[in-house]
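The task is to assemble the complex, starting from two chains supplied on their own in separate frames and drawing on the hints.
If you're matching them up, the sequences are chains D and R in order. Going by my numbering, the first sequence opens with residue 7, and the numbers climb by one from there. Going by my numbering, the second sequence opens with residue 4, and the numbers climb by one from there.
These aren't lab readings, by the way, just hints derived from the structure by calculation. Each residue gets a CB set at the ideal place from its N, CA and C atoms; glycine is no exception. It is possible that part of the hints are untrue.
According to the in silico footprint, chain D covers these stretches of chain R (three or more CB under 8 Å from chain D) [unchecked claim]:
id : segment
1  : 64 to 70
2  : 74 to 82
3  : 88 to 95
4  : 104 to 112
Below, computed lysine-lysine pairings styled on DSSO-like, alpha-carbon distance capped at 27 Å [claimed, not checked]:
id : chain 1 : residue 1 : chain 2 : residue 2
5  : R       : K62       : R       : K108
6  : R       : K82       : R       : K66
7  : D       : K19       : R       : K82
8  : R       : K62       : R       : K45
9  : R       : K82       : R       : K108
10 : R       : K45       : D       : K36
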Amino acid sequence: DAGVTQSPTHLIKTRGQHVTLRCSPISGHKSVSWYQQVLGQGPQFIFQYYEKEERGRGNFPDRFSARQFPNYSSELNVNALLLGDSALYLCASSWDRGAYEQYFGPGTRLTVT
Amino acid sequence: EDQVTQSPEALRLQEGESSSLNCSYTVSGLRGLFWYRQDPGKGPEFLFTLYSAGEEKEKERLKATLTKKESFLHITAPKPEDSATYLCAVQAESGGGADGLTFGKGTHLIIQP
Numbered sequence: 007d008a009g010v011t012q013s014p015t016h017l018i019k020t021r022g023q024h025v026t027l028r029c030s031p032i033s034g035h036k037s038v039s040w041y042q043q044v045l046g047q048g049p050q051f052i053f054q055y056y057e058k059e060e061r062g063r064g065n066f067p068d069r070f071s072a073r074q075f076p077n078y079s080s081e082l083n084v085n086a087l088l089l090g091d092s093a094l095y096l097c098a099s100s101w102d103r104g105a106y107e108q109y110f111g112p113g114t115r116l117t118v119t
Numbered sequence: 004e005d006q007v008t009q010s011p012e013a014l015r016l017q018e019g020e021s022s023s024l025n026c027s028y029t030v031s032g033l034r035g036l037f038w039y040r041q042d043p044g045k046g047p048e049f050l051f052t053l054y055s056a057g058e059e060k061e062k063e064r065l066k067a068t069l070t071k072k073e074s075f076l077h078i079t080a081p082k083p084e085d086s087a088t089y090l091c092a093v094q095a096e097s098g099g100g101a102d103g104l105t106f107g108k109g110t111h112l113i114i115q116p
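Next up, chain R with everything else stripped away, as it sits in the complex (with noise of 0.2 Å):
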């Protein structure tokens, strides 16, 4: 069975402090790895597709790089607009031909002034 893991939980950053959000998978051949935003009451908001490792992406504050077992999502200098939940998601090989994200609970990022 696929399963993403994502840590921490919850964090809290001043205003510019970078740091990392992990994300750990375990998939049957994994075809694709997901990172998303989410606002509260709202739908996710796509930010990168990586599909192996070694493979980095960079939009604005964030990057995301990819291993064969987990994947970062580094924030610099954030602002208090970079606060949101952030989702990993995996795509397998073996989805039975279905194209189903496997998401993880989330990373809830609190950026203060």
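Chain D on its own, in the form it takes in the complex (with noise of 0.2 Å):
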């Protein structure tokens, strides 16, 4: 049974820019979640979505938003990107709300020059 997939893998972008990041979540989960990771932390919650609807946003600027498909799949937009946008990108789905395990994907590392 495949995992979280993300893509890409690894983005270099220029300050300014605008990114997006793609996850599939495990066949039949209905959460998504996205967090950041800097190097040397823990991972940071950026959003959460449900059923294409978002369920919950952590402390981040509007410059980061999200949407969920009908697929379950889940993008991550980041605009007018700043040097401290440079971090793994983790996706995590599960199979319901509530105090169900994440399974996180292998992450997209950014980097912001």
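Written out as structure tokens, the structure reads:
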């Protein structure tokens, strides 16, 4: 059974540009969450989507947005990139809302120059 | 604000030398506490979920326990392949409807042969 997949694996962007990251959850999972992990820190919650609706948002600026599609895959968009946006972006899926295990993908390494 | 503090930040052990990692948490109503393992450059790998004080779970050489203020990850007779960063995360009851996890910074564990 395939796990959570993310694309691309690595990405290099320039300050001010826009980026779109993609995630496909485990088959049957309805909830997708996005996290940002800066080197040396634990992941930080950005968004949760469930049944195509935003269910929660962490402490991130409006430059960050996301959406979930009918097949439960998801996109994370970041506008007006800053150097501080350089991080590993992780997608996690769980089969439903609530205190269920969240399974993480391999992440997308974003470097902003 | 939910907080998770892990100690020590780094731990170096000899193969076979048992030890424990600590995770102290402050949360407004614990829905669940999660342990993950993360290898360099990869996404976190789910290990355990604990829901209430007194609960224990085991998997191979790992055992997780939970009290009202902290959780321990006990590693018995570790092997070099147990080397990784171990992350602790909490999910709060008062998450505003979101299931986002609050992570600690992790404990970087090195097992020397």
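Quick rundown of the hints versus the structure:
Only residues whose C-beta sits within less than 8 Å of a C-beta in chain D count toward coverage, and the segment 64 to 70 of chain R has 0 of them, not enough to reach three; the restraint is violated. Here's how the segment 74 to 82 of chain R fares: 0 of its residues keep a CB closer than 8 Å to some CB of chain D, so the rule of at least three is not met and the hint is violated. Check on the segment 88 to 95 of chain R: 3 of its residues sit with their Cβ under 8 Å from a Cβ of chain D, so the three-residue criterion for coverage holds. Under a criterion of three residues with beta carbons nearer than 8 Å to beta carbons of chain D, the stated coverage of the segment 104 to 112 of chain R is upheld, 6 such residues being counted.
Taking the CA atoms of K62/R and K108/R, the gap is about 23 Å. The hint holds against a cut of 27 Å. The hinted pair formed by K82/R and K66/R meets the criterion: a straight-line CA distance of about 15 Å does not exceed 27 Å. Taking the CA atoms of K19/D and K82/R, the gap is near 40 Å; set against the 27 Å cutoff, the hint is violated. Straight-line distance between C-alpha atoms of K62/R and K45/R comes to about 21 Å, which keeps the hinted pair within the 27 Å bound.
In summary, the hint linking K82/R to K108/R is supported, as the alpha carbons are separated by about 23 Å, within the 27 Å threshold. As the CA atoms of K45/R and K36/D are separated by approximately 23 Å, the hinted pair is consistent with the 27 Å bound.
Of the numbered hints given earlier, the model fails hints 1, 2 and 7; all others are met.
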